[in-house]
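Below, each chain spelled out in residue letters.
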Amino acid sequence: MSGFRVAMDIGGTFTDAVAYDESTGQYSAGKASTTPGELSVGVRRAMGNVVQDLAEVSFAVHGTTQGLNAFLQRRGERVLLIASAGAGDVYQIARGNRTELYQVRYRKPQPLVTRSDTVEVRGRLDPSGREVAPLCPEDVVAAARKFRDGGYSSVAVALLFSYERPDHELQVFEVLRRELGDDVSISLSHRLAREWREYERTSTTVLDAYTAPIVRTYLEELSAGLETDGMSVPLHVMQSSGGIITARSAHDHTIQTLLSGPVGGAMGGVSLARLTGQKNLICVDMGGTSFDVSLIVDGSADVSTEASLEGFPLLMPVVNIHTIGAGGGSVAYLEAGGLRVGPRSAGASPGPACYSRGGTEPTVTDANVALGRVDPSEFAGGEFALDVGAAHSALADLGAHLGLDAQSTAQGILDVVNAKMAQAIRTLTVEKGIEPRDYSLVAFGGAGPMHAAFLAEELGIDQMLVPRFPGAFSAWGMLETQLRRDSARGFPFPHATADLEALKSAFAEMGEELRSQIESEGVDTESVVLHHAIDARYIGQEYTLTIPAGSLEQLSHSDWRTRMKTAFDSAHQSRFGHSNSSAPIEFVIARTTGFGDLGRAEPSPLEQSPSGSDSESRPVRFGATIHDTPLVRRAELAPRSRMHGPLIISEATATTVIPPGWRLEVDGYGVLLAARVDEDPEESTQP
Amino acid sequence: MSSPVNPVTVEIIRNALIAVADEMNATLIRSAYTPIIYEMKDCSVALLDAHHRVLGQSAGLPIFLGNLEACTIAIEERYGREVWAPGDVWIMNDPYVTGTHLHDMTVMEPIFDSFELLGFAASRAHWLDVGSKDPGGTIDSTDVFQEGLRLAPVKIVEGGVQIAPLTEAIGRNSRFYHGAIGDLGAQIACCHTGAKRLPEIFRRFGPQTVLDARDEIFAQAERLERAFIAAIPDGVYRAQGTIDSDGINPVEVAVKVEVVIDGEEMVIDLSESDDACTGPVNCGATQAVAAARVAYKLLVDPHRPANGGSFRPLKVEVRDGSVVGAIEPHPVEWYFTPLGLLIDLVVKALSEAVPERAAAASYGDSMVIFLSGINPESKQPWLHVEPTVGGWGAWDGSDGEDGLINNVNGSLKDMPIEVLETKYPLRLRHYGYRSDSCGHGEFRGGVGVEREFEILEDASMSTWFERSCTPAWGLAGGWTAQPPDVVLNPGGPDERHLLKCANVRLSKGDVVRTKTGGGGGFGEPAARDRDAVRADVADGLISPYVGRQIYGLETEPNQDSHE
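Protein sequence lines correspond, in order, to chains W and G. The first sequence begins at 243 in the numbering used here and counts up one residue at a time. The second sequence begins at 3 in the numbering used here and counts up one residue at a time.
Keep in mind that the hints were calculated from the coordinates and are not lab data. C-beta atoms are modelled at their ideal positions from N, C-alpha and C, and glycine is treated no differently. Be a bit skeptical, because a hint or two may be false.
Below, in silico cross-link-like pairs of lysine to any residue (SDA-like), each with a Cα-Cα straight-line distance of 20 Å or less [to be verified]:
1. K746(W) - S798(W)
2. K415(G) - L343(W)
3. K425(G) - P734(W)
4. K198(G) - E677(W)
5. K415(G) - E548(W)
6. K746(W) - T804(W)
7. K415(G) - P353(W)
8. K381(G) - L151(G)
9. K807(W) - G819(W)
10. K425(G) - P826(W)
11. K350(W) - R316(W)
12. K746(W) - Q796(W)
13. K425(G) - R490(W)
14. K198(G) - L742(W)
15. K746(W) - G819(W)
16. K317(G) - N377(G)
17. K746(W) - D766(W)
18. K198(G) - E828(W)
19. K381(G) - F178(G)
20. K381(G) - P353(W)
21. K521(W) - Q724(W)
22. K381(G) - L742(W)
23. K135(G) - S437(G)
24. K807(W) - L742(W)
25. K198(G) - P826(W)
26. K350(W) - S437(G)
27. K198(G) - G819(W)
28. K381(G) - P736(W)
Here are some, though not all, of the chain W residues that point toward chain G, as calculated from beta-carbon distances under 7 Å [unchecked claim]:
29. G338
30. V346
31. K350
Whole structure, please, built from the sequences with the hints as guidance.
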C-alpha cells in the first residue's frame with residue numbers, strides 16, 4: 243500500500259513537517275508554530291498540514307527537542323546519584339580541567355546533582371572485574387531511604403568498572419526495585435555506555451536520569467495523540483547518531499535521542515550526497531542567529547563516539563555538528579577606531595535593528611537587508627515585516643565613524659563576517675585533515691543560502707548546493723535514515739597479544755543483542771547489517787581512531803592483525819598527517835553497530851513547471867559595483883533550467899544569493915546547483 | 003588615527019592573520035604525538051613579521067605568551083639577517099634564550115615570497131622526555147647538563163629537506179623516540195602551514211596594504227591597552243611570596259613584585275627577587291617576561307588575541323642571576339614554579355586597583371606525583387606522572403572553583419581511576435574534595451582534593467608539592483586557605499610527610515595520601531550568605547564545626563549531618 247512518509251522537526255519558532263508521497267514520488271513541506279509547554283500540539287498540527295488523513299501515513303519519524311530543552315532550561319528530574327565508595331566526588335570534580343585559559347575567575351559548568359545528592363555505596367571491583375570488596379546492600383537500602391525522604395524523582399547508578407562487570411550495578415538495581423517499586427526511573431551506567439572512564443560514564447548516566455522520564459512521557463503522549471488522529475504505524479525517533487529507533491525502544495535508550503534535532507540536517511547532507519553523486523560536502527546551516535557546520539565525508543556523516551553538551555560529556559555516538567560563533571545576529575561595532583563584527587550577537591532579542599524590537603546596533607542581517615538581498619516582506623515566511631529604514635540608519639551611524647556610507651558599511655560587514663565564517667570552517671577542516679577545495683558547499687537554514695556563495699569563494703570551493711525546502715532540510719533529512727543501534731565493550735589489550743577469540747565473542751555477543759533489538763522494532767532479520775569496529779591507538783597516545791574490524795570470519799584469518807595495523811596506520815596518516823609503521827598499537831574499545839533498513843523515499847524528477855516570465859529586478863550591490871539583479875521565485879524555476887548570476891531567489895523559508903561570476907543549474911529534483919565560472923572572481927574586499 | 007587602508011580591509015586582514023595562527027595551532031594539535039601537547043595545550047604558536055613582531059598568536063598555554071620572537075631574534079643576532087633562507091627550519095631549546103626548560107622545543111621557519119623575507123612561523127611544544135638523568139624530568143638537578151639534551155639554534159630542515167642524521171640524533175636522546183620524532187614532525191608541519199598562508203595574504207591584498215593594515219592593527223591593540231592602564235590609579239603596588247624550597251635545600255625562595263602605574267604605562271619590576279638557587283626552580287629572563295605579560299593580560303585584556311601592538315605600554319625589569327633571570331648553568335626543570343607564584347602576585351598587587359578582574363590566590367603549583375616501577379611479568383618499566391587539581395581563589399561576587407587544574411597546566415584533565423588502575427599497579431582508594439581546605443570568606447575559595455593511592459607492587463615515588471609556606475591568600479578580609487600535604491602510610495608507625503622527594507622506595511601495601519590546598523577567600527566570613535553556609539555544610543565541603551566557629555552558623559538540632 244502506498245502512502246506518505248512523514249518527518250517532523252521542532253525548531254525554536256516553527257515545527258517543520260516534510261511528507262513524501264509514495265504514489266507520486268513528490269515531496270511537500272509545511273509547518274506550524276512551535277507550541278512551547280506542549281510541543282506535541284504543534285507537531286500534530288504541522289503533520290496535519292502535509293497529510294490530510296493520518297491513516298495514510300506509512301512511516302513517521304520525529305526529531306524531538308523535549309529532553310534537550312529540559313536540560314537547557316534546567317527543568318529536569320531531581321536525580322539521586324549512586325557511586326562507588328571513595329569516588330562519589332568524581333562527578334563534581336569533572337576531571338578538573340578548564341576550557342578558558344586566560345581567566346582567573348573560571349567556573350566549571352554547575353553539576354546537575356550536588357554533592358549532597360550523591361550516595362556512596364561500598365563494594366569494589368578491580369580493572370579485570372574481580373571483586374575486591376562485595377557490594378554492601380545496606381548502603382543501597384540507605385540510598386533508597388534517602389530517595390524517598392529527599393523528594394527525588396530519578397536515580398543514576400554509576401559504579402567503578404561496571405563496564406567490565408555489571409554485577410554490582412545490577413545488584414543495586416534489584417535492591418532499588420525492591421525498595422522503590424517499578425515506577426521509579428533508574429539509569430544504570432553500563433547499560434547506557436559500556437565504556438571505561440568513570441566521569442564521562444557518570445555524566446552520561448546523570449543526563450539520562452535527568453531528562454529520560456520527561457522524554458518518555460512526551461513520546462507516549464505524542465504517540466497516543468497521533469493514534470487518536472488516525473495514524474496506525476509506529477512513531478520513530480531520530481537519534482544523535484543519525485540513525486532512528488522506534489519510540490517504544492527509545493523508552494530504554496532515551497539519552498540517545500537527546501541531540502536528535504540538528505542531526506537531521508547532516509543526514510539530509512547524506513541523502514543529498516546520494517541524490518547528486520557529490521560525496522564530499524560541507525553543510526552550512528545558518529539561521530537568524532546561529533551558524534552550524536557539519537561534514538559529509540565520502541557519502542557518510544562524520545560521527546564521533548562521544549560529545550559534550552554545555553561542558554557535560556556524553557558517551558554515545560553523535561553526528562558532529564560544529565557551532566560557530568558568527569551568524570546573522572553578529573553585531574558590528576567600533577573598537578579602538580577599528581571595525582569589528584561579532585562574536586557578540588544581538589540574538590533574537592533585541593535582535594537586529596530591522597526587527598524593530600529595540601536593537602539599535604547594526605547586525606549581519608541588517609547589512610543583508612540594506613543591500614537588498616532580503617525581501618523585507620517575505621522574511622521568515624512573512625511572519626513579521628522588516629524595517630529597512632532602521633537597518634539603514636544603524637548602518638549609517640556606524641559608517642560615520644569609519645568614513646563609509648551606509649551601503650559600503652553594509653558591504654564591509656558582510657565581507658568581514660563571510661571571511662570569519664570561512665576561516666572558522668577552514669580551521670575545522672584542518673583539524674580533520676580535510677582540504678575544503680575538494681568539497682562542495684551545501685547551504686540551508688533561512689540565511690545559509692544567502693551567504694554560501696561568498697563562503698565558497700573564500701574557501702576556494704567551486705560548487706554550491708541549495709536543497710529544496712532549505713528551511714525544513716532537517717525534517718527532509720530524517721526521512722532518509724536507517725534504523726540504528728549501537729553497543730560497545732572495553733577491550734584494552736595490546737594489538738600484538740590481544741586474545742582474538744575473546745574479541746570475536748565480544749563482537750558476537752553485541753551482534754546478537756543488537757540483532758534481537760532491531761528485529762523487535764519490526765525489521766526483517768535478513769535486512770539487519772552489523773558493523774564491527776575497534777578503537778585503537780599507538781601505545782602511549784591518548785586519542786583513539788575507530789577502525790572497521792571486518793566480519794567475524796575475517797577475524798579468524800591469520801593476517802587479521804597485520805591488516806588492522808595497516809588500516810590503523812593509514813587512517814592515522816590521513817587524519818593526523820603522519821603515521822609510524824614500526825610503532826606498536828593497542829586496542830581500547832570494541833564497537834558494534836546494527837543497521838535495519840526501513841525503506842526510503844526515492845524522489846522522482848519534478849514535473850516541468852512554467853518558468854516565471856514577468857521577471858522583476860532590483861539594484862543589488864556586490865563588492866563595489868551595483869548590479870541590476872533579477873529576483874526569482876524558487877517555485878517558478880523550471881527543473882534543468884540554467885541561469886547566470888547575479889540572481890536572488892526567494893522562497894517561503896529562505897533567500898538564495900547567486901553572485902556575479904556564478905552560474906546556476908536547477909537539477910531534475912529541484913536542487914539548486916551553482917558553480918563558479920570565473921576562476922578569478924571580482925575581489926569583493928578590495929577598497 | 004586614520005590609516006591609509008580601508009577599515010573593512012584592516013579588519014579582514016586582522017582576522018586573516020589570527021586565522022593563520024589558529025590554523026597553525028590546529029595543525030600542531032592534530033599531528034602531535036603526545037597528550038601533553040594536544041590535551042595540556044603545553045604548546046604555543048606565533049606568526050611573526052619580518053621584524054619579529056607578532057602578527058597572530060594562538061591562545062595556547064598562557065605562560066608561553068609572547069616570547070617566541072626571542073628565539074628568532076637570538077638567531078639573527080648571532081648569525082646576521084642573511085642567515086635566513088627559503089625552505090629552512092630551525093630548532094632550539096637553550097633555556098637561557100627560550101626562558102623555559104629543555105623539554106620545550108622551539109621550531110621556527112622564515113617565510114619567503116619570491117626571496118623576500120615576509121616573516122616567521124614559530125611553534126613551541128613540550129616534549130615528554132629529552133634525556134634527563136631521571137625519566138620524564140628531574141626533581142633534584144643542580145645544573146642544566148643533568149636535565150637533558152640542550153640545543154643551540156640549528157637547522158633541522160635545509161632547503162626543504164629534513165636533515166636525517168640530526169633528526170636521528172635528537173630522537174635517540176629521548177627515552178620516547180617515537181614521541182620525539184612525531185612531535186618534531188608536528189611542529190615542522192605547523193610552521194609549514196604558516197609559511198604557506200602568510201604569502202597568500204600578501205598576494206591577495208598586496209604587500210603595502212598588508213603592512214599598512216598591520217600598523218593600524220598594532221595601533222588599535224596599543225590604544226586599547228593604554229586606555230585601560232590610564233584608568234588604573236597611578237601608584238606603586240607591591241606583593242611578595244615564597245616558594246617552599248628549591249628541591250635540594252630547605253630554603254624559602256622569595257619572589258618579589260613591584261608594579262608601577264604611571265599614566266598609560268606599567269612597569270613590572272622583578273629585580274628584588276632572590277638570587278638563583280642550587281635546585282631546579284630557576285627560570286630564564288625571557289620566560290619571566292612572558293609570565294609578567296600573562297599577569298598583565300589577565301588584568302588588562304584577557305580576551306583579545308595578542309599581537310605586535312600588545313604589551314607596548316608594559317616594561318618588565320628582570321635581574322640576571324636572580325631566580326627569574328637564570329644564567330648558565332643554573333638548573334631550570336621546574337622553571338614554572340616561581341612563575342605561577344609571580345602571576346598570582348601581580349594579580350594580588352593590583353587587586354585593589356583593578357578589582358573587577360582580580361581574584362584571591364589559587365592553590366598554586368602543579369602538585370605532581372611520579373610513581374614508577376618495573377612490571378614483574380613483562381619486565382617493562384612503567385611511569386605515572388600526574389599533576390593534581392586544587393582550589394581556586396574567590397572574588398567579589400563568587401566562590402572560587404573547587405578542584406581545578408592550576409594555571410600553568412592548560413586544560414589538562416585528571417586521569418580517570420579506571421584508566422589509572424588498568425595501566426598501573428595502583429589502586430586509587432579515595433579521590434574527593436578535601437573538606438575545610440578552602441580560604442573562608444563572604445565568598446569562599448575553592449576546596450582542594452585528597453587522593454589515596456594503594457601501592458600494589460613495589461615502586462618508586464617522587465613528588466613536587468609546593469606553596470606550603472605561601473598558601474593561597476585571601477582578599478578584602480577573606481582568609482588564607484590550607485596548604486598541601488603528602489603523607490606516606492598515614493597513621494602508621496612509619497608515617498612520613500613528603501611534599502618534595504626524589505626516588506623514595508615504596509613496598510606493596512604502602513599507602514600514599516596527597517592533599518592539595520584550597521583557594522583564598524574574599525571578604526569577611528561573617529558576611530557570608532547563611533543559605534550558602536548551610537549548603538556547604540550539607541554538601542560536606544565545610545564541617546559543621548567550621549560552620550559554627552568561623553561562619554557563626556546556628557546549629558539546627560534536626561540536621562542530619564555527615565559524620
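Status of each hint after checking the structure:
1. The straight-line distance between the Cα atoms of K746(W) and S798(W) is roughly 8 Å, inside the 20 Å bound, and the hint therefore holds.
2. Only pairs whose Cα atoms come within 20 Å are accepted, and K415(G) paired with L343(W) is accepted, the gap being roughly 13 Å.
3. For the hint pairing K425(G) with P734(W), the CA-to-CA distance comes to about 9 Å; that is within 20 Å, so the pair holds.
4. Simply put, K198(G) and E677(W) have alpha-carbon atoms about 14 Å apart, close enough for the 20 Å limit, and the pair holds.
5. Pair hint K415(G) plus E548(W) holds up; C-alpha atoms about 16 Å apart against a cutoff of 20 Å.
6. Distance check on the hinted pair: K746(W) and T804(W) sit about 17 Å apart at the alpha-carbon level, within 20 Å; holds.
7. Simply put, K415(G) and P353(W) have alpha-carbon atoms about 17 Å apart, close enough for the 20 Å limit, and the pair holds.
8. At roughly 27 Å between alpha-carbon atoms, K381(G) and L151(G) are farther apart than 20 Å, so this suggested pair is violated.
9. Pair hint K807(W) plus G819(W) holds up; C-alpha atoms about 17 Å apart against a cutoff of 20 Å.
10. For the hint pairing K425(G) with P826(W), the CA-to-CA distance comes to about 16 Å; that is within 20 Å, so the pair holds.
11. Distance hint between K350(W) and R316(W) is fulfilled; the C-alpha atoms sit about 16 Å from each other, no more than 20 Å.
12. Proposed proximity of K746(W) and Q796(W) is supported: the alpha carbons are some 10 Å apart, at most 20 Å.
13. Note on K425(G) and R490(W): the hinted pairing is violated, with a Cα-Cα distance of about 40 Å set against a maximum of 20 Å.
14. For the hint pairing K198(G) with L742(W), the CA-to-CA distance comes to about 46 Å; that exceeds 20 Å, so the pair is violated.
15. Of the pairs offered as hints, the one joining K746(W) and G819(W) is violated, with about 31 Å between alpha carbons and a cut-off of 20 Å exceeded.
16. With a C-alpha separation of about 52 Å, the suggested pairing of K317(G) with N377(G) is violated against the 20 Å cut-off.
17. Restraint check: the Cα-Cα separation between K746(W) and D766(W) comes to about 24 Å, which exceeds 20 Å; the hinted pair is violated.
18. Between K198(G) and E828(W), the direct Cα distance comes to roughly 35 Å. Violation of the 20 Å bound is thereby established for this hinted pair.
19. Distance restraint check for K381(G) and F178(G): the Cα-Cα separation of roughly 17 Å lies within the 20 Å cut-off, and the hinted pair is therefore satisfied.
20. Proximity of K381(G) to P353(W) is assessed by CA-CA distance (about 43 Å); at most 20 Å being required, the pair is judged violated.
21. Note on K521(W) and Q724(W): the hinted pairing holds, with a Cα-Cα distance of about 18 Å set against a maximum of 20 Å.
22. The suggested pairing of K381(G) with L742(W) is violated, with an alpha-carbon distance near 24 Å, which exceeds 20 Å.
23. Taken as a hint, the K135(G) and S437(G) pair is broken in the structure, with Cα atoms around 38 Å apart against an allowance of 20 Å.
24. Between K807(W) and L742(W) the CA atoms are separated by roughly 14 Å; this keeps the pair inside 20 Å, and the hint holds.
25. Proximity of K198(G) to P826(W) is assessed by CA-CA distance (about 33 Å); at most 20 Å being required, the pair is judged violated.
26. Of the pairs offered as hints, the one joining K350(W) and S437(G) holds, with about 19 Å between alpha carbons and a cut-off of 20 Å not exceeded.
27. Distance restraint check for K198(G) and G819(W): the Cα-Cα separation of roughly 16 Å lies within the 20 Å cut-off, and the hinted pair is therefore satisfied.
28. With a C-alpha separation of about 16 Å, the suggested pairing of K381(G) with P736(W) holds against the 20 Å cut-off.
29. Taken as an interface hint, G338(W) checks out: its beta carbon lies about 3 Å from the nearest beta carbon of chain G, inside 7 Å.
30. The beta carbon of V346(W) is positioned within 7 Å of a beta carbon in chain G (closest approach about 4 Å), and the interface hint is therefore held.
31. Because the closest C-beta pair between K350(W) and chain G is about 6 Å apart, less than 7 Å, the hint holds.
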